[in-house]
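Here the structure of chain A is known, so what remains is to put chain B in place on it, guided by the hints.
Sequence order for the protein chains is A and B. Using our numbering, the first residue of the first sequence is number 1, and each one after it goes up by one. Using our numbering, the first residue of the second sequence is number 1, and each one after it goes up by one.
Source of the hints: derived by calculation from the structure; they are not laboratory data. Keep in mind it's a predicted model, so treat the numbers as computed, not measured. Don't be surprised by glycine CBs; every beta carbon is placed ideally from N, CA and C. Certain hints may be false.
[Claimed, not checked] The following residues of chain A were derived to be distant from chain B, with all beta-carbon distances above 12 Å: (1) 11; (2) 15; (3) 19; (4) 27; (5) 48; (6) 51; (7) 52; (8) 58; (9) 61; (10) 94; (11) 103; (12) 112; (13) 113.
[What the hints assert, rightly or not] To give an idea of the chain B side of the interface with chain A (calculated C-beta under 8 Å), a few residues: (14) 40; (15) 88; (16) 101; (17) 103.
Chain by chain, the residues run as shown.
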Amino acid sequence: KAGVTQTPRYLIKTRGQQVTLSCSPISGHRSVSWYQQTPGQGLQFLFEYFSETQRNKGNFPGRFSGRQFSNSRSEMNVSTLELGDSALYLCASSSLQSGETQYFGPGTRLLVL
Amino acid sequence: SQQGEEDPQALSIQEGENATMNCSYKTSINNLQWYRQNSGRGLVHLILIRSNEREKHSGRLRVTLDTSKKSSSLLITASRAADTASYFCATEPGGSYIPTFGRGTSLIVHP
Numbered sequence: 001k002a003g004v005t006q007t008p009r010y011l012i013k014t015r016g017q018q019v020t021l022s023c024s025p026i027s028g029h030r031s032v033s034w035y036q037q038t039p040g041q042g043l044q045f046l047f048e049y050f051s052e053t054q055r056n057k058g059n060f061p062g063r064f065s066g067r068q069f070s071n072s073r074s075e076m077n078v079s080t081l082e083l084g085d086s087a088l089y090l091c092a093s094s095s096l097q098s099g100e101t102q103y104f105g106p107g108t109r110l111l112v113l
Numbered sequence: 001s002q003q004g005e006e007d008p009q010a011l012s013i014q015e016g017e018n019a020t021m022n023c024s025y026k027t028s029i030n031n032l033q034w035y036r037q038n039s040g041r042g043l044v045h046l047i048l049i050r051s052n053e054r055e056k057h058s059g060r061l062r063v064t065l066d067t068s069k070k071s072s073s074l075l076i077t078a079s080r081a082a083d084t085a086s087y088f089c090a091t092e093p094g095g096s097y098i099p100t101f102g103r104g105t106s107l108i109v110h111p
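Only chain A is shown next, with the shape it has when bound in the complex (with noise of 0.2 Å):
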């Protein structure tokens, strides 16, 4: 099977502009999730999408946003950029809602000036 895939790998992005990332998870699995990676903050995670649900949502502001299409595929929105935003978005999918193996796409690397 394809690994999980994201969409672009790199960005460069202004202050106040938006973003859309993209994530293809792996054939079969139906639950993405999304994290941000930065070197202060590490690994914290953005939301999770099952059946294009949103059924898991971590503690970021608004404007930060994601929709699951019916084929499983999955973007975040990132709106009005600031400065730290800048990070590695990661996106992970899996077979099961929870308590499985995740497994994480290459990310997405976005640069805000």
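What follows is chain B alone, placed relative to chain A:
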């Protein structure tokens, strides 16, 4: 603060030596997982150990779980330069479906 905390933060060893890293957590868990991350890339799942298990092996990896002490350890035997990476533990606190990662242990294996 983080649910899981790895210790040490950094570890530097020679090839062939064993590497041990620890993870402590605060609340009861359903399971605990260990992941590896090579520099700036995605995480790779290593082992999942459930709360009713005490030890698990996978190749050169050995994971233990002590729920009474709320801690887990990851042992890598006969380390190789290719083991150089950051290692994270992840837990799902009981009743929560939100996986929480520690800050990781950075392992450097010198050839």
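Right, here's what the structure says about each hint:
1. 11: holds, 14 Å
2. 15: holds, 23 Å
3. 19: holds, 19 Å
4. 27: The claim holds: residue 27 of chain A sits with its nearest Cβ about 17 Å from chain B, beyond 12 Å.
5. 48: violated, 7 Å
6. 51: About 14 Å separates residue 51 of chain A from the closest Cβ of chain B, which puts it past 12 Å; holds.
7. 52: Holds, because the least Cβ-Cβ distance between residue 52 of chain A and chain B comes to about 17 Å, which exceeds 12 Å.
8. 58: violated, 7 Å
9. 61: Holds, because the least Cβ-Cβ distance between residue 61 of chain A and chain B comes to about 17 Å, which exceeds 12 Å.
10. 94: violated, 10 Å
11. 103: Label violated. Min Cβ-Cβ 7 Å, cutoff 12 Å.
12. 112: holds, 17 Å
13. 113: holds, 19 Å
14. 40: holds, 7 Å
15. 88: Where the cut-off is 8 Å and the nearest Cβ of chain A is about 7 Å from residue 88 of chain B, the hint holds.
16. 101: holds, 4 Å
17. 103: holds, 5 Å
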